[in-house]
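Chemist: Spelled out, the chains give:
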Amino acid sequence: MTKSIECRKPKTHRGKRMLAKREPKIVELAKQSLMLRGATASTTSLQFVKDLHAIKRMQSTYFGQRHPLNPFEDIKPIEELTQKYDHSLFAFCSHNKKRPNNVVLGRMFDHQLLDMIEFGVEQFKSLTEIRNSKATNLGLIFSGDVWHQNEEYSKCKSLLIDFFRGEAVEQVRLAGFEHALSFTAIDGKIFLRSYKILMTKSGTKTPHIELEEIGPSADLVIRRTKLASADLFKRACRTPSAAKPKKVKNMSKDVFGSKLGRIHMPRQDYRKLQVKRGRALRTEKSPKKASKLSKK
Amino acid sequence: MAASVVAHVLSKAAEDEAEKLKSIQVDKVVELEYDVGNLLAYDINDIDVNQLRADKEAFLANLSRDNVQLLINQIFQLPTLKVDNEVVIKLPPATTRLPRAKPAPKEKALSKWEKYAKEKGITKRKKSKATWDEELQKWVPRFGFKKALAEKEKNWVVEVPGNAKDDVDPIALRKTKKLESVAKNELQRLRNISARMQKSKTKAKISLEPTERPTPEQLNRSVFIAHTATASVGKFQPNLKEQKPVLKSGQKRHFDPLVGDIKKETTKSLDILNKLSSKKPKLDIDKAVNRELNQPGSLDYKGKGMEKKSKTQLKKDLGKRKHKGTKDKKMSGKKGGSAGRSTVKKGGKRTGNKN
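First to last, the sequence lines map onto chains B and Z.
With the UniProt record's numbering applied, the first sequence corresponds to residues 1 to 296, in that order.
With the UniProt record's numbering applied, the second sequence corresponds to residues 1 to 355, in that order.
Where hints are given, some of them may not hold.
Unchecked claim - Simulated pairs of lysine-lysine, BS3-like, Cα-Cα distance not exceeding 30 Å: (1) Lys234(B) with Lys248(Z); (2) Lys102(Z) with Lys21(B); (3) Lys21(B) with Lys124(Z); (4) Lys268(Z) with Lys280(Z); (5) Lys16(B) with Lys124(Z); (6) Lys25(B) with Lys90(Z); (7) Lys124(Z) with Lys178(Z).
Quick caveat, the hints were computed from the structure, so don't treat them as lab data.
Just so we're clear, the structure is a prediction, and the values are computed from it rather than from any experiment.
Use the sequences and the hints to build the structure in full.
Modeler: Rendered as structure tokens:
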């Protein structure tokens, strides 16, 4: 990937900018997701993917053409698509007799498939309200002990977090935090529910919460999976040393909050000490040497 | 009398306070795990399946409410700011480790010129965009189509030296000279890129087949193997005189966890059993491909610049050969399943992506 980008010399300034934008960064921006409609998509699976697109909005592109693809048989075309449009997440919907209402969620690392999970969508209810809401940040709730007991589920959790977390922000508007997605794993299913958060007065600083279901809601069943090898996953998770916070040495804070520093001083070299020396102490050149030098 | 009133008022106030707290308090056996930077909460507590089955929607809504309440409690403890008349909460950095979209950027290796310039201390000077042309009496840009036009205007006639041959075309000569310099520049650019690539090449499997000119990596690998080929895995092997310490090479082995997925383990063992008991001849495609590639007589033998067949193509060919006898019959016998249908389609068309 990097190879092709580097060998290709941009012809225009705009192209140059675009390539620079795509180059790997130390601190990455939010992952963009590609929503693909499969050739055989049913209304349910298609609407599910469209709903995901609506939730993600700013970080998503929806391709509504019928793509005759099958990610579990040949991932290459999807890899190419994600490379072309510089996306790193994808959702793909399809439907057939063996796997009705099928949705595949996956993510890429360096435009190569990292992992993908296939879900069956059951009892789907589309979203109703979210289009008008001003929610910017999604709260994510995972419940159930399966999420950390089963490897498939734990990877699935990681994928779902990656899919829905949005942009990494430092500050969040309190009023903007009004949408929560809940994933409850139990009974061999993942119950996806989506709620609007209503804050009511509790008398304390923290409000009392009421939820109102807004959709999309679905019961997801994990079907096929293709998970990354431990080696690759580890490589993908590696944070560059430049992004790590620098260790602050010899600094501390005391109880009152004032900063304390420790200084290490080497032993002073007294020979280099500049002091006034008398003429008697100065070393003078011997007369022989001096005469030799003058001859030369 | 007064004392009892006071006590009553106080107790009522305490009760009120408790009531208020109650509305935001949620009791959990195990505390939730939070990643407030991602606005995420994870409830590890066991869920009662019977309760879920009795009334699914109400149960899920209740569970989610409790968890959202807990998350909100966490968030509201964080310091707040006021930005443009909006209350804003400062989030801590996210703690969940998630894979990156692309590998971390590597420091760009210096090109040949950049290296030289650095050695000599040559720094870039800012140049003006245009220069004054005495001949044309106007400002001409340093590069671009206007510069080319100006050159054309100036050099409408070319002087031919007296001793030149008759068939020399000075204008064509000038053109080829320009083309050559452009080509040279491009070549240098590509050379720099390839040098950079060579440096950042990922560790591939090093073959130890005897070659005419072994690479340093190959040599290192063979020295390493020789060094460690003792009963104590080279622990007490002394180094030769003036020998550099042997670098560890080769790939790390990965082992599956001892306890974990039982299903995976059983399928793995069953696979081995099947392989052993099947009468089909075994074919290790990777091995076969490597053998074919490294054979002196093969098309892809390194060092002979003949027509190349890629590794993947070879694999495919070998795979086809393998399936011919056994699998095709099975496939044709199968009723038209969905998977089979899609493979038929795949051959004809490529992905449409003009969106």
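Chemist: Under the constraints set out in the numbered hints, which ones does this structure not fulfil?
Modeler: The structure breaks none of the hints.
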